[in-house]
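Asks: Based on the provided sequences and hints, a complete structural model is requested.
So the protein lines, in turn, are chains A and B. Take 0 as the starting number for the first sequence in numbering that gives the first Met the number 0 and just add one per residue. Take 0 as the starting number for the second sequence in numbering that gives the first Met the number 0 and just add one per residue.
I should point out that these hints are in silico values taken from the structure, not numbers from a laboratory. Beta carbons: idealized from backbone N, C-alpha and C, even for Gly. Each hint should be verified, as a subset may be incorrect.
Some but not every residue of chain B turned toward chain A, in silico, with C-beta under 10 Å [stated by the list, open to error]:
hint, residue
1, 163
2, 176
3, 186
4, 195
5, 205
6, 219
7, 220
Quick look at which bits of chain A chain B covers, simulated, 3 or more residues with Cβ under 8 Å [said to hold, decoys possible]:
hint, region
8, 169-181
9, 211-223
Protein chains: 2
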Amino acid sequence: MSGDHGLLPSWRPGPTRERLLSFLDASGRVPADQRVAVFDNDGTLWCERPIYAQLAFFMDALRSAAADDPRLADRPEYAALLDGDHQAVAALGLGRVALALAELFAGVEPAEFADRCRRFVSGAHHPTLGVPFARTVYQPMLELLAELRARGFATFVVTGGGTEFVRAVSLDLYGVPPEGVVGTLIGYELARRDGRPVLVRTAELQTEANEGPAKIEHIQAFLGRRPILAVGNSAGDWAMLEYASSLPGPSLGVLVDHDDPDREFAYEGAASTFETERTGREMADRHGWLVVSMQRDWAQIFPSG
Amino acid sequence: MSGDHGLLPSWRPGPTRERLLSFLDASGRVPADQRVAVFDNDGTLWCERPIYAQLAFFMDALRSAAADDPRLADRPEYAALLDGDHQAVAALGLGRVALALAELFAGVEPAEFADRCRRFVSGAHHPTLGVPFARTVYQPMLELLAELRARGFATFVVTGGGTEFVRAVSLDLYGVPPEGVVGTLIGYELARRDGRPVLVRTAELQTEANEGPAKIEHIQAFLGRRPILAVGNSAGDWAMLEYASSLPGPSLGVLVDHDDPDREFAYEGAASTFETERTGREMADRHGWLVVSMQRDWAQIFPSG
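Replies: As structure tokens, then:
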């Protein structure tokens, strides 16, 4: 392949980069309105260990709220979180704990919630990497997103996390506007404030958790498109990868393998709400997905400077 | 106002055009990510009389299906439609009739449904205007959409009609991609065909009808944005117009008045699922919306040639 030296500079030369570039070239044959790429967020576009940024955000809000009102610590979900009692959190169930955290923002308008998310992501430091969460995005993925858009792809984020949390930062982090984010969506209520109609957050979900097969249904419901490229890292992404990569014509599933304990983390991607007995590598072998080794394939993981 | 002679050429000079241009100029002060405009579809972006294009599409599908299987005419909803019995349709309720029509496409994949919609809209002729439905879009609105995008606005279609019907044609007709369309959404089911995961349509809705206050909630759920410009024509749009136009800073609600029986139609815009006792003009007076007279303000209604 010639003339590709400037492309995807953080992707090391080798079979992984070659296959990505081959897909990009082949996608030129696909009608423009079918050039659609979907990316999982946590562990695919940015770091998810040792804690999801969204959970760190809610924990920060919980600590602030508990400082103002110590009675919050009486509630089992909040007590487990404030004590860092992972067993208690697991026993209560992540879904129940997440909804208890959502209650902290019930009655808040979406714009105010988004402002708080943005301030946290740009200001709060990742616990081990020592940079703001906004700097824990993966440089090779930023390059891939830019290259896809340069080739006429529409690029979307399809996350198991909260839709509104990711929407608050997706344009700044990834160049994806709010309407390009599909996730687990909180409910709203219409209210009047100062005589004006406003929406406020509730503490109930309006979609099921956006993991596994739900990702396929939500891609159609919220985007109305079928992807020919899907990128993920956990069992929650497999359904979406199979959906994208089983199309006739150029299509590709990409699985990020977290195998770089020195520069990032080493772990098998799991879905919080989606059980499986297979590993990602087994699924990739079965379906012909491209496995990206962070250690071997990425010359650089995080943005410079 | 100087230097605006090339802008919005199908809008006649006068106070309506002046106010639109003033809003456009003022919107330059709004941060780019808050330049958001939403448009109703039927009666706002294209003609909705004497029949919604979507209903004409479903009627066409029903007649084809009934020709293949005459027993379909035994079903009350289909019989009422095939007989053109408006009273019977009204007695059954438009919601029930619409769901019966949706059954005609249960089990169909979204891409095939979209193909059929596109073929109908570009091929079938409007019953009185004598051109394909695709040519019944309003030229002044195409110019407004283009001018908004030139000024950095994101433009969306927020329709009471079926999301997937409008998504099928929105890019061609309005330059709005599928993810920019919010409507009344059919449900899907995940299935396997030839071993591959596919989605197929069901005959049940997954959202409530996208009219009235539901438009506000769906704008947030599906787009994650708050509009500063909303354009509509019927009672089903008033909530969205108030939502957009009550923001501090530059914002505008626009109501299209169908007052041109010679070139289009003359009627008071109603919502199929949303009752009201006020007229659009009363609401516009109360909230300061801009009323667009098709007869007085539009030099040209449909695209040329």
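Asks: Does the interface hint hold: is residue 220 of chain B within less than 10 Å of chain A, judged Cβ to Cβ?
Replies: holds, 6 Å
Asks: Under 10 Å, Cβ to Cβ, is where residue 186 of chain B needs to be relative to chain A, so tell me if that hint holds or is violated.
Replies: holds, 8 Å
Asks: Counting residues of the region 169-181 of chain A with a beta carbon closer than 8 Å to any beta carbon of chain B, are there 3 or more?
Replies: holds (count 6)
Asks: Do three or more residues from the region 211-223 of chain A put their C-beta atoms closer than 8 Å to C-beta atoms of chain B?
Replies: holds (count 8)
Asks: Against chain A, run the beta carbon of residue 195 of chain B and see if the smallest gap drops under 10 Å.
Replies: Given a least distance of 4 Å, the restraint on residue 195 of chain B holds.
Asks: With a cut-off of 10 Å on the beta carbons, see whether residue 176 of chain B makes it to chain A.
Replies: holds, 7 Å
Asks: Does the nearest C-beta of chain A fall within a distance shorter than 10 Å of the C-beta of residue 163 of chain B?
Replies: Holds: closest Cβ of chain A sits about 7 Å from residue 163 of chain B, inside 10 Å.
Asks: Please verify that hint: residue 205 of chain B, Cβ, nearest Cβ of chain A, below 10 Å or not.
Replies: Holds - the Cβ of residue 205 of chain B comes within 10 Å of chain A, reaching about 6 Å at its closest.
Asks: Tell me if residue 219 of chain B is really an interface residue toward chain A, meaning its C-beta lies closer than 10 Å to one of theirs.
Replies: holds, 5 Å
In summary, this structure violates none of the numbered hints.
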